[in-house]
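For the protein sequence lines, the chains are A and B, in the order given.
The first sequence runs 1 to 333 under the numbering used here.
The second sequence runs 1 to 333 under the numbering used here.
Since the hints were made in silico from the structure, they are not lab data.
Values in this document were obtained by computation on a predicted structure and should not be read as measured data.
Where hints are given, some of them may not hold.
Pairs count within a copy or across copies, as identical chains cannot be separated in the list.
As the list claims (entries may be wrong) - 20 Å max Cα-Cα, derived EDC-like pairs, lysine to aspartate or glutamate: (1) LYS159 with GLU313; (2) LYS105 with GLU290; (3) LYS205 with GLU112; (4) LYS38 with GLU291; (5) LYS254 with ASP279; (6) LYS324 with ASP279; (7) LYS105 with ASP273; (8) LYS294 with GLU319; (9) LYS88 with GLU102; (10) LYS159 with ASP273.
There are 2 protein chains.
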Amino acid sequence: MSNIREVAKLAGVSVATVSRALSHPEKVSQASIDKVMKAIEQTNYKPNMLARNFRSTRSYSIVVLVPEISNPFFALLIRSIEIHAQAKGYSVLLGDTQDSQEREKSYIDLVETHLADGIIQLRPHTAEYPVHANPQFPYINLCGTEDTPGKCIRIDNVKACKAMVNYLLDLGHKRIGLITGLKGNPHTIDRLRGYREALEESGIKFDQKYIAEGEYTIWSGVNAADQLCELDELPTAIVCMNDEMAIGALQSFKAHGLRIPDDISVTGFDNIDYSSYCDPPLTTIAQPAEEMGKIAVDSLIKLIEGGALTHEEHVLDYEFITRKSTAAPSNGD
Amino acid sequence: MSNIREVAKLAGVSVATVSRALSHPEKVSQASIDKVMKAIEQTNYKPNMLARNFRSTRSYSIVVLVPEISNPFFALLIRSIEIHAQAKGYSVLLGDTQDSQEREKSYIDLVETHLADGIIQLRPHTAEYPVHANPQFPYINLCGTEDTPGKCIRIDNVKACKAMVNYLLDLGHKRIGLITGLKGNPHTIDRLRGYREALEESGIKFDQKYIAEGEYTIWSGVNAADQLCELDELPTAIVCMNDEMAIGALQSFKAHGLRIPDDISVTGFDNIDYSSYCDPPLTTIAQPAEEMGKIAVDSLIKLIEGGALTHEEHVLDYEFITRKSTAAPSNGD
Chain A
1 MSNIREVAKL AGVSVATVSR ALSHPEKVSQ ASIDKVMKAI EQTNYKPNML ARNFRSTRSY
61 SIVVLVPEIS NPFFALLIRS IEIHAQAKGY SVLLGDTQDS QEREKSYIDL VETHLADGII
121 QLRPHTAEYP VHANPQFPYI NLCGTEDTPG KCIRIDNVKA CKAMVNYLLD LGHKRIGLIT
181 GLKGNPHTID RLRGYREALE ESGIKFDQKY IAEGEYTIWS GVNAADQLCE LDELPTAIVC
241 MNDEMAIGAL QSFKAHGLRI PDDISVTGFD NIDYSSYCDP PLTTIAQPAE EMGKIAVDSL
301 IKLIEGGALT HEEHVLDYEF ITRKSTAAPS NGD
Chain B
1 MSNIREVAKL AGVSVATVSR ALSHPEKVSQ ASIDKVMKAI EQTNYKPNML ARNFRSTRSY
61 SIVVLVPEIS NPFFALLIRS IEIHAQAKGY SVLLGDTQDS QEREKSYIDL VETHLADGII
121 QLRPHTAEYP VHANPQFPYI NLCGTEDTPG KCIRIDNVKA CKAMVNYLLD LGHKRIGLIT
181 GLKGNPHTID RLRGYREALE ESGIKFDQKY IAEGEYTIWS GVNAADQLCE LDELPTAIVC
241 MNDEMAIGAL QSFKAHGLRI PDDISVTGFD NIDYSSYCDP PLTTIAQPAE EMGKIAVDSL
301 IKLIEGGALT HEEHVLDYEF ITRKSTAAPS NGD
């Protein structure tokens, strides 16, 4: 995003002239206006057009960037964000970014042109994130991981996944498989670390053959579970990095004639609505979506209003939910 | 939304002067500019600010209005809209309206100020819809019903629900219950009509005691099914007006010790992903979400580009999907 100084430089006029050309063109020569407008087009500079003639520079809307709109966990967060934003007089625009940086940029433009006031990001982070170059940009990350840069609200994913594996170890499981999300995803990295740490601390060797890669969708859970079913010796429990993959895994295992939890325990992550309606209902980790949404909105509005946050990072507690998809291994495994 | 004529009247200047004050202020006196700006503030007139200084008046973004973002059927439509919009160079902004007309209005403002180019609406209709006053407003309804006004893409909900009831009648069911959405919802009205017509045509009297009202959520399906379980004589089949309520109903019936489909058949509507992962998988109606999204995008862009549509209304075929939640009544009922 270019700024007014670059425009002035290219137009060969002062910054004050650019500003006047935009706010009081009647005080500037037509020749200067022409030069400024040409430079604006060339630099793709986006002046705060709406604010120019209206008293308030606030649009009272915030943008929520969502990597994948059909993910029900994001729906829980969005619901909370909307309730709290609305209570404070803000409307919410959702940008489904489908993990495209280019699309994220177009939503960031909405804030840079003052058509929205700030951004809540539901993707942990991207490699080069334009908003981090500008600490004044009102921006909160709501699904952070260990290495999310900037202002961030999250749970401890390492600890949560570790707790899940420890729970299965305590039940007596020794061969614990894992269905991961995509390898490079920051949540995958943190949760995999939790899985490894729990195994290592209990003296069980990490075994790559018990790991199957999914992509956080139901279908990918089916495929990953199908793949694990080809092992000579099946794990007695499978940790899935989200509920959707666990729901897919349940179906695959049942199709292979396995009873859950008698033959194999299955766990999820997120506590989406469907996790208590599948058969059997899933043991899972609930993130405090309601509280996360509230803190995100409160923090973002504070930033929009020019305030500072007392904490850059909020690490909230998760809840461990035990349902019927887990039990002790039945055959003394 | 006020227009330029109202601004001119209030400012006591001509429409041409208002226009010039906005596009070439250097050609207008400061006194006129002051009067015009004051009138703009008072009337809340929103001139096309971004277009004023840039060549294109196109923002290349479209707004999709979603009544409830956590509904997985809407997620299917949104996915299709995004794929087709992106292919045509348009980005998509989602407005979660939570059925509030006031919130819809704020999204319509985005188009009126040329920050977006058009709207795809996923709610069948609202009583007084501002966009219908302006036939030039690029606007498509994508979840229409029998009485949706204006340009609309839909399936025949009456026929689809009738087909579901006829299927159950053909299996031998005579006592067929219904879990509806909220009474006033246009989809509820159409689907209820289909249910009544099927019963009447087969000589079965409509009986209010077999109808339970839900609100298109899982929880409401649980509650509605609990309510039906209090009947002295239970229906042998239950038609649910969407899959989520059917998934809730499955759980309620199982909790009451009923086997599905042996003791009671259950059907859904929409074919969301989870409908094939619940236990048993649901017999349901699939709307052609992919095709609907494509037609909506193509039609809207045609309107944005100033073209006309050959059809005001597209009524698409649905698909009947038979899975394991339905069977003939077992006890000769």
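| task | Starting from the hint list further up, note which numbers the structure goes against and sort them upward. | result | Per hint list: 2, 3, 4, 7 and 10 violated.
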